[in-house]
Amino acid sequence: MDWKFNNDSPIYQQIMEQIKAMIATGVLKAGDKLPSVRELAVEAEVNPNTMQKALSELEREGLLCSKRTSGRFVSDNPSNADNLQEEMMMECIRVFIENMKKLGYSMEECIVLIEKHWKNNSL
Amino acid sequence: MENILECRNLTKKYGSKVAVDNLSVSVGSGKITGLLGPNGSGKTTLIKVIAGILNADEGEVFAGGSKVGIESKKVVSYLPERPYFAPGMKVSETIKFFSDFYNDFSRDAAEEMLKSLDINPDARIRTLSKGNREKVQLVLVMSRKAKLYLLDEPMGGVDPAARDYILKTILKNYNEEAGIIISTHLISDVEKVLDDVIFIKNGHMVLHESVDDIRGNKGKSVDSLFREVFAC
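Protein chains in written order, with our numbering: chain A, -18 to 104; chain B, 205 to 436.
Treat the hints with care, as some may be off.
EDC-like, lysine to aspartate or glutamate: derived pairs with alpha carbons at most 16 Å apart [to be verified]:
{"#": "1", "chain 1": "A", "residue 1": "Lys(-15)", "chain 2": "B", "residue 2": "Asp393"}
{"#": "2", "chain 1": "B", "residue 1": "Lys376", "chain 2": "A", "residue 2": "Glu20"}
{"#": "3", "chain 1": "B", "residue 1": "Lys334", "chain 2": "B", "residue 2": "Asp363"}
{"#": "4", "chain 1": "B", "residue 1": "Lys422", "chain 2": "A", "residue 2": "Asp(-11)"}
{"#": "5", "chain 1": "B", "residue 1": "Lys376", "chain 2": "A", "residue 2": "Glu24"}
{"#": "6", "chain 1": "B", "residue 1": "Lys252", "chain 2": "B", "residue 2": "Glu285"}
Source of the hints: derived by calculation from the structure; they are not laboratory data.
Hey, can you work out the whole structure from these sequences and the hints?
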């Protein structure tokens, strides 16, 4: 896993977002076992307490579950990935619309631009 | 949670110059705390008093569960701002030195870390670069199973890649019952491994807060908060 952190929000929230993204995009699948807190903390170069906090919060949200003695797993609920994907999609759209409005584009212009550039890989 | 460090009304003067002024602070076990402040703010003096290298003029300090003294030194692992080994010593001799001196020292851990840092145990300290000398000292300090680690500028002289390795070494080797206090200027490098930060200025503590709270409530990194609080 490739971890990147910015300076704006608490690290544990950024870890949560990144794990959610991995679940949404299928990098982590339902039933997958996660490495130990210590291993993940060393990999992400963060404090083990911070990693623990992020994982506990994800458990509370039902995205991860821990089985005593055998470790922590991605919850066996297939709709989680779909819900997360939808959440992330909504966020992308919200940001896109907000930015395009700031730049002064109308919805009609946006649709034309998307159609024009959708297949343009050089973007 | 047991306090791994407790300072009560600690004062340390050098002649008429007050370096640490009536400072009280407690740090819980299992936490990595950054001790941050500008040059001359009293960081190194505070660490030396906790390590038992300097005597406080007033106040009390408890480290690793006992009052600073022989008992506390058994469980406190201190990295000084400058490495102290004689230039003529071999790296392997410094390892022997530590294993004679400290019961909680793990020779295997030290040898393994030196190997991954590509430092030859037969080399003499004199022949090592400044950065490599610092690494040897840090390896020794982190190879103890201590209750409290005091790291004074652990990354001052090393390159960014080695900094990452050092941070990983710290994360891997400390156990959850231990506490770590890191004094440094390289805030953005250590920020993500810290639980809490202590800001000190002219020997006074001006802030003791969790990194999550600083980022969550103030919406800025510890690095930018530091630049604000200590703007010249």
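Verification of the supplied hints:
At roughly 13 Å between alpha-carbon atoms, Lys(-15)/A and Asp393/B fall within 16 Å of each other, so this suggested pair holds. For a cut-off of 16 Å, the pair hint linking Lys376/B to Glu20/A stands: about 8 Å separates their Cα positions. For the given pair, Lys334/B sits about 11 Å from Asp363/B by alpha-carbon distance, which is consistent with the 16 Å threshold. Among the hinted pairs, Lys422/B with Asp(-11)/A is consistent with the structure: their alpha-carbon atoms are about 9 Å apart, no more than 16 Å.
Using a Cα cut-off of 16 Å, the hinted pair Lys376/B and Glu24/A holds, with the two alpha carbons roughly 10 Å apart. Between Lys252/B and Glu285/B the CA atoms are separated by roughly 10 Å; this keeps the pair inside 16 Å, and the hint holds.
In this structure, every one of the numbered hints holds.
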